[in-house]
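Participant: Chains W and U are the protein sequences, given in the same order.
Residue 109 in the working numbering is what sits at position 33 of the first sequence, and the numbering runs on without skipping anything.
Residue 149 in the working numbering is what sits at position 114 of the second sequence, and the numbering runs on without skipping anything.
FYI, nobody ran anything at the bench for these hints, they're computed from the structure.
Hints are supplied without guarantee of correctness; some may be wrong.
Chain U is nowhere near these chain W residues, computed Cβ spacing over 10 Å in every case [said to hold, decoys possible]: (1) 100; (2) 210; (3) 219.
Some chain U residues flagged as far from chain W (calculated, every beta-carbon gap over 10 Å) [to be verified]: (4) 40; (5) 48; (6) 84; (7) 85; (8) 91; (9) 93; (10) 95; (11) 109; (12) 164; (13) 178; (14) 185; (15) 261; (16) 265.
Straight-line distance between alpha carbons at most 20 Å, and here's what the computed EDC-like set of lysine to aspartate or glutamate pairs gives [unchecked claim]: (17) 152(U) <-> 120(U); (18) 247(U) <-> 374(W); (19) 116(U) <-> 375(W); (20) 200(W) <-> 163(U); (21) 116(U) <-> 199(W); (22) 210(W) <-> 72(U); (23) 152(U) <-> 375(W); (24) 230(W) <-> 279(W); (25) 210(W) <-> 208(U); (26) 96(W) <-> 225(U); (27) 103(U) <-> 199(W).
In this text, a Cβ means the ideal position worked out from N, Cα and C, and glycines have one as well.
Each chain, written out:
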Amino acid sequence: MSIHILQTGLLTTIQDRGRKGYRRFGINPNGVMDTIASTLVNYLVGNDASEGVIEFHFPMGEIELEEDALVAFGGADFGLKANDKPLENWKPYYLSKGTRIKATAKPQGVRLYMAVQGGFQLEKWHDSVSTNLKASIGGYKGRNLQKSDRIPFKAMRSFTSSLLTYPSHWKISFNTLQQLYGNDTVRIIPGPEWDMLTKEAKEIVHSQEFMISSFSDRMGYRLEGMALEREYTTELVSSAVTQGTIQLLPSGQLIILMADHQTTGGYPRIATVIGADLSGLAQMSTHDKIYFSLVSVEEAEELLLTQHQEFEILRFAINQKM
Amino acid sequence: MIPTNFQISPLSESAIVLGFGNAIDQTLNTQVLALAEAIQANPFPGFTEVLPAYSSLTVFYDIFAVRKAFPHAPASHTVRKILLDYMTTDPSAFHSGKDMLVKIPVCYSEVFGWDWKEVYEHTGIAREEVIAIHTANVYRVYMMGFLPGFPYLGGMDSRIATPRKSQPRLKVEAGSVGIAGEQTGVYPLDSPGGWQIIGKTPVKLFDSTTNKPVLLKAGDQVQFYEIDEDTFYTWNSAKEV
């Protein structure tokens, strides 16, 4: 029972919600870039949100199921086809052994997630299956998935026979997804060194556009925009950073740290992207424009709680159908 | 006692930074580590982890778990209040005193020390003398970060300080020992890097296959000692340190 990688993709790794609790040893959490997508694809096949998923980038290569499985895809739209029939995101599919899946269109979004019912049969490293490429730990042999790899998954649980019809007649609605992801701006809270910025620089942060540069990956997004001036230029001793931390580089440009960020850094942490907006940011591509808006930490918390409640409602609705 | 002069600010909606000034100071760092231990020894509902750094402590928490235990206030308010409570207790009571002196063998041979020429050009000190200086001091692990198992060491003799390379290498091998400005350190993993490499240790600072994947922790003491190439190549990890 496994997923056979027929053709290597650009960057395909196993991730879950991240390896928490080891930052003080320099071990960063890693984990999925888009938590909304990983949570929903897991729910669509009846898994817990914490189950490991495959994160694909474009081009994704080609995969084959070596056993019947209940699977779901979500996140970026790669125009998937299963044995040349369209395979939609955001709905569960019962696919039979031998089904081959590949991308056929220019992607909308950046990262695509796949969950399989029961989850993958992989050994956790320090409580997580997230792949840490630098340290070669977690996931499948601590590396990206390559041609000829066979990723084992666990035995399927039983579910109602209605899901055996292909394709299923329901999916997560566009409106729901837009509500979860949708926001014209990327919301931020001020960081510990926000006041290192001049008044003018602060104004620039929440009024001007920034562009995601081509130097952007799972570690961080470098932005291009108006250079930001500092009130004072004291060198900082290193301190903690986290996913969403926006650092000010000596050049006056910004970098947003993403899932593969280092645990500590010495650049001013001028702001942090709120948790509720990290998934949307994870799906933005090179050359996309970003506008920031400032919110309070209390609002950031409420927004994440609201997102969590929405997940719970969806999970309940999905379970009713299974 | 914890200094009364501190900053408390959110790092995200799930993390708060306690900042005690912008300094590399042993007393301050000891207090940061004691406070980290105090919180870990008596964690609050929703606590997930601490990250002690040179002069700051960051506390991570799960807002859902904090709200479950304290439903009537934002988690950021609750955790802030809890952290202030920790700071009024005497954290020195929690300092375990388990900080270790870890002796790390280094082969300073030119086979591994790629940058001896640059170190000599900058310091004017001969290789043997630099090795004597590098192995004489006991270094303090102020914090861990950057890479899994990477120690930020303090206490290097400024006579052997050498600036970073102008062009970082694409790959420095795990175990390489280097100098960067007034810092010294060991690469725990193969990594790009700009440090001036003066030697290599056969000891693994990060080893994912063992129960204790990370050799060092913040607060430990480190001393380097010289080994020759034969010893390096025949090093048996079972008898290490």
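Participant: Which hints, by number, does the structure contradict?
Facilitator: 1, 2, 5, 6, 7, 8, 9, 10, 11, 13, 14, 17, 18, 20, 21, 22, 23, 24, 26 and 27
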